[in-house]
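J.: Using the sequences provided together with the hints, build the complete structure.
Chains as they are written, first to last, in this note's numbering: chain A, 1 to 312; chain B, 1 to 346; chain C, 1 to 346; chain D, 1 to 497.
A couple of the hints might just be wrong.
To be verified - Derived EDC-like pairs (lysine to aspartate or glutamate); straight-line CA-CA distance at most 16 Å:
1. D:K340 with C:E229
2. A:K254 with C:D185
3. D:K306 with D:D338
4. A:K158 with B:D174
5. A:K13 with B:D174
Calculated directly from the structure, the hints in this document are not laboratory data. Please read these numbers as outputs of a predicted model, since none were measured by experiment.
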Amino acid sequence: ANAVQAADADEVKIGFIVKKPEQAWFINEQSAATELGEQEGFEVVRLAGEDGQKVLSAIDNLHSQGAQGFVICPPDVRLGPAIMNRAKQYNMKVVTVDDQFIGSDGKPLADVPHLGMSSYKIGQQVGQAIAEEAKRRGWNLEEVAALRISNNELPTAKARTDGATEVLLQAGLPEANVFDSPQQNTDTGSGFAAATPVLSKNSAFEHWVIYAINEESVLGGVRASEQYGLNADQVIGVGVNGSGAAFAEFSRDKPTGFYGTVAVSSTAHGRESAQNLYQWITTDTKPPANTETSGKLMTRDNWQQVRQELGL
Amino acid sequence: MSAQKSTDSALLTDTSCGSTSNDGEASTSERRRGLPKALRTLLDTSGLIAVFVLLFAALSLFVPDFLTGRNIVGLLLSVTLIGTIATTMMMVLALGEVDLSVASIVAFAGVVAAMVTSSTGSVAIGVLVGVVAAGAVGAFNGLVVARFGVNSLIATLAAMEFIRGLAYITSGGDAVMITEPGFFDLGSASFLGLTLPVWVMLASFVIFGVLLNQTAFGRNVLATGGNAEASRLAGVNVRRLKIIVFTLQGVVAGIAGILLTSRMGLGDPNTSMGLELAVISACVLGGVSLSGGVASITGVVIGVLIMGCVQNAMGLLNVPTFYQYLVRGGILLLAVLFDRWKQSRR
Amino acid sequence: MSAQKSTDSALLTDTSCGSTSNDGEASTSERRRGLPKALRTLLDTSGLIAVFVLLFAALSLFVPDFLTGRNIVGLLLSVTLIGTIATTMMMVLALGEVDLSVASIVAFAGVVAAMVTSSTGSVAIGVLVGVVAAGAVGAFNGLVVARFGVNSLIATLAAMEFIRGLAYITSGGDAVMITEPGFFDLGSASFLGLTLPVWVMLASFVIFGVLLNQTAFGRNVLATGGNAEASRLAGVNVRRLKIIVFTLQGVVAGIAGILLTSRMGLGDPNTSMGLELAVISACVLGGVSLSGGVASITGVVIGVLIMGCVQNAMGLLNVPTFYQYLVRGGILLLAVLFDRWKQSRR
Amino acid sequence: MDNAYLRVEGITVEFPGVCALDNISFSANTGEVHALMGENGAGKSTLLKVLSGVNRPSSGALWINDERHVFTNARQALAQGVAIIYQELTLAPNLSVAENLMLGQLPAHAGFIDRRALQLRAMQILKELGEENMNPATKVRELSIGQQQMIEIGRALLRNARIIAFDEPTSSLSIQEIRHLKRIVKRLRDEGRVVLYVTHRMEEVFEMCDAVTVFRDGQHICTHTTMEGLDQDTLVSEMVGRRIEDVYGYRLRPQGEVLLDVDALAGPGVRAPVSFNVRRGEVFGLFGLVGAGRSELMRLVCGADKPATGTVRLDGKVQHFASPGEAIRAGIAMCPEDRKSQGIFPVASVADNLNISCRRFFKRFGFLRNPSREVSNANDYIKQLSIKTPHHRTPISSLSGGNQQKVIIARWLSEEIEVFVMDEPTRGIDVGARRDIYTLLYDLTEHGKSVVVISSDLAEISSICDRIGVMRDGQLVDIVNRDEATPERLLGLALPA
Ligand SMILES: Nc1ncnc2c1ncn2[C@@H]1O[C@H](COP(=O)(O)OP(=O)(O)OP(=O)(O)O)[C@@H](O)[C@H]1O
Ligand SMILES: Nc1ncnc2c1ncn2[C@@H]1O[C@H](COP(=O)(O)OP(=O)(O)OP(=O)(O)O)[C@@H](O)[C@H]1O
Ligand SMILES: [Mg+2]
Ligand SMILES: [Mg+2]
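T.: Structure follows, in structure tokens:
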């Protein structure tokens, strides 16, 4: 069957399933893949899979359309076995992007090609950026408080904040100075609401660092810090992604507590993962098991340049 | 003489008396009198059925790959969760209540079943505990609503938060992996080309259809939804009725949740957010009144299918996500507008 | 004899005649008679107020840093969105309707205002267009509900999907940046230590409190919520009333959304998911009846404050997220149970 | 007396601010129709609700067949053979006639409804009710109020109860239906049941009842164990605490020019064009059987429904009312017949119910209302119409039916209304209050207003009106002058030819 499909190269159709179809990140990925498809002559079906049920429906749907494979960012990494099960049933090829499948033994499913950045490592990059900036500003980390806007329902969020926390602790931030503020959502509003009580509780600290799952949440924290009369030079907020929220912040007249963000090229992710799958279908060359990408720190000074570099 | 009077008034009722407007109408509805009950009900709900048939025909015609065996099977599978739960939601709505906690129950039951199965090694025990837990949540909802007279929207909104929290706490926030291979069979066991979840959905359609129409219980539910005071005075145990219906809702949501978990291979505490609104939409699309007392299983089946078909077709047509919002909102609005129009024309 | 009789009966009326049961009660209610109206209303809703006062005292006592000036300011700011919208939601609920589309309107208005401001360079035009767009959505909801008699739960559920989709489409799915610095002042302009969003919330409390209680419009809203048909026959233009109330809801949600956008510095189409349920919860906590006809602004203020305090305290106490779900659900349930208990005891 | 089948002993029921029943005792025997009489709010319905387990007495008990009972829910009462036909309809609107008849005891095998048995028993009971032409499969919401009332009665018959209580059953029945009801009541008595019968209609008491108990303000006034030697005036004065010679008290009034002129009006419910006019100072009656289309006609006049053809002139000016609101502001208002669904705002206070329309006259600064004016207006009418309510702030739903009606009437008295349309204004209203309402009508007309009264009460309509229009099957068949309006004539016109 594979050979037949491979021969039929001009009718290649692949799916691109993402867990949060409304988010800029995934929109970028999907449109980059679509663009590539237009260049290379294959069709990309964009689908949403917000939970397991919807992912399976999306796969059924792809099967009905006669797609040969799909790229997926799963809503839960542990869905791997169920998704692979369904894909095998339909004889579809699968590559994952952003989040890698985990098998029932708790280890990554090695035979599914993956392209992405490790959430934990991204988190470490965030921590690194914060630590360096704090050092540059000459802060004594012993007296710095960390506002960790957490969202433990989301494994990605947890991995990112854990990564950042680890680096900061190594850099000399006392563990007692790390304050959790659980948010209900991942938007600015909930970041703000979560940060408010923590800031008011710990009024003794002069310097704050803020990190979270994404830029929006960090921005919420920064807004809360402004509300408490903390100045831009008293706060270092570093986000993740490189989306409109960050650009909006950087293009303000005056610098704010939002120091920077670890930008990852969603465009590259979308493009490369689609490319990999296309190659696999047409030439039968299986992509590398795990391609790790990394982020690039984007600050007020270099954001436009980085943005261009990453094609955002 | 008295006989004369009543026939007259019966005529009046039918022909919406007088003026020349709609004599054709009247005679149609009179002709309907002669038809067997089932067919008459069909004609009454026929507006909706017509919409569905038209929609289905249009989709089959214009959407490539829509009318293929594998797509229809996939479509059926994709509506199992909504479809199964819609049957008991219909009962709850018929009672004049509403249940927002179903999505949380789905998640909770799934997590509990997955954990218990993994720890005891027995699928049966796992499923049983999951269903019982879900039923207990439903019974609790029923108790709060029936015993303390709390508005069900609020009671189940509270339960929605609470049970979701319990699901997170039980699972530690992470999806629970299932180690027992037997558990997967639940979701994939197949018979006549359809898998267990589809059969369960079809069974619920039949069971709750019969329950609603053919049993005293179902009629009491409708009576209570139409006028709770009336059924209480007529000796219906309204309190028990409500508790039973909410418990059934819990049990069915639990079963649906466990089947989902089995299909997914993991108990995910984050699953099915927003499901309650989709289920209620499907019921209302199917002509179930939110103020209670009016419900039909045919309507609910059609409502579920309409929603499923539209969603499926949008996937096939590659409609961008954002426009899917517009389409979903638009369809819902058009369907209820159509329903209103149909009723006002009568 | 007859005179004797009627004084007797007046006495009877007050002291709930005879038996020894509740003389204390009776005399309290008699004492209340003498009090001015406002104070009496206060005592009537006093159950809830007592709960709030106790809660506030407990939090101040046991939660470190709760009762500090800046925490209270922060608390106020964090409830502005819910508080502002709760005032018009109160009107909608009083009318016997419900509006699920507020969260989408918040996002939509914010995105529109941000885009228009950036493209025209004028904050005034941006805000105006945002508010008008939001008002138009509200008016459309009102039209569908009032003109076509569609159940508002479904009509606004459809609008919720539709408008969220519009917000995504308008913004392209990504946060909209604001290039006009003047726009940020809206959210941060401060007077007497409180920022504009807080003042807007306080103003809505006053305006809609007065509107509900002190104007014929407000009383007509309550009457319509109590019995729409009777209200129409009593000469109320029910249709216009509903359209106006939904439009107000849209306008206020729009203003709240624009202020949020200004505070956050970006127009985010993803913002405020689930806000509608929080707003409705706050109203119901405040004793607003979901079946219409009963509402009080004091109750709503208290409801908003209870929710805000609990959320804030959980933050201060560092309650893990999962348990926050339990607490929120539990509080909501306890509050309505308490309310029922209070009413049954009366 | 002590071996009576039903004994009520020392029952006391309290509501916030009201003592509905104060230590009531009386007894009723089998084979007896026992009338319960009293003013509005005297506590009659409350007593029946104690019998049916809806209201729990704070003290006292019921003795049924020498067994002591205090019911706490409706099922217990039904189990002891007590069935009540309530004043407010208690039907499930979307269920069929048959299902409503047997609600709570649907015939079933292992839970499954036995449709045949359901159908058969329903047909049988409908026959007993004289409604053999009613289709048992019809949805109850499609029936007229009178027919719905018959379903209620049928339900009680089906229970085969030993004690059957009727709460104002005739208030919304047609004349044939009333005849039928009387036959049913007699049969029940002859079968040896206890029949309790609440009514405000004197003639029914004297025609049907064997004993009468009178309440006033929650107190037991007296029980007459026999109707021998009892006359109407005595009974009335026991009920209302004063003597009323002539309830109707017709007064001759001068009549002015035509105020309301209806010309060839037709529309939903009114199939042939109807023309009539009403003069200033006139009380114009509309008589007909239930379902004759009287309400529908006046709804067209008052802007509640849209007429298909015809015009309405008010004081010579042609009016096209798009809504009741426009009609009210032009000076014509209607008190609807179905108080519960069209009249009251149940959760709102008496004052709010009363001021709903007129408060636009009491404005401050052009947009704020004037609560003190509203309160004084409410209190004025509470006093003037002797509305029994603990307070103007009491929710109207806790008032007795008659008092609710008075509040609705007061709503329009405080407006600037020229033409009052009153649809069954005295339905469920006690003699004393009725007298008050009639006096009120005469007072209004003496001040140059016009009144249109729709009534199914023959005695009432022929006694208080100056002219009477008779309707049948959505047509106005004739207009009769007062002096020619004998009950026989009116009935002859109203009944189908
Ligand atoms: N649910 C209630 N809550 C408070 N008060 C009530 C309630 N039900 C009845 N009442 C009061 O109890 C008293 C007796 O009412 P009831 O309905 O028994 O009068 P009734 O004799 O049946 O009058 P009517 O002839 O008008 O029907 C009235 O004053 C009424 O206001
Ligand atoms: N809900 C309804 N559905 C269908 N027909 C109805 C409905 N309500 C009333 N009708 C019909 O409309 C006509 C007039 O109704 P209605 O009983 O109100 O007349 P009426 O003369 O005002 O009598 P009354 O005032 O004594 O009740 C009747 O033929 C009746 O059957
Ligand atoms: Mg009564
Ligand atoms: Mg009528």
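J.: Each hint: holds or not?
T.: Outcome of the hint check:
1. D:K340 with C:E229: Holds, at roughly 10 Å.
2. A:K254 with C:D185: 13 Å, holds
3. D:K306 with D:D338: 20 Å, violated
4. A:K158 with B:D174: Given pair K158 of chain A, D174 of chain B holds - Cα atoms ~11 Å apart, limit 16 Å.
5. A:K13 with B:D174: 34 Å, violated
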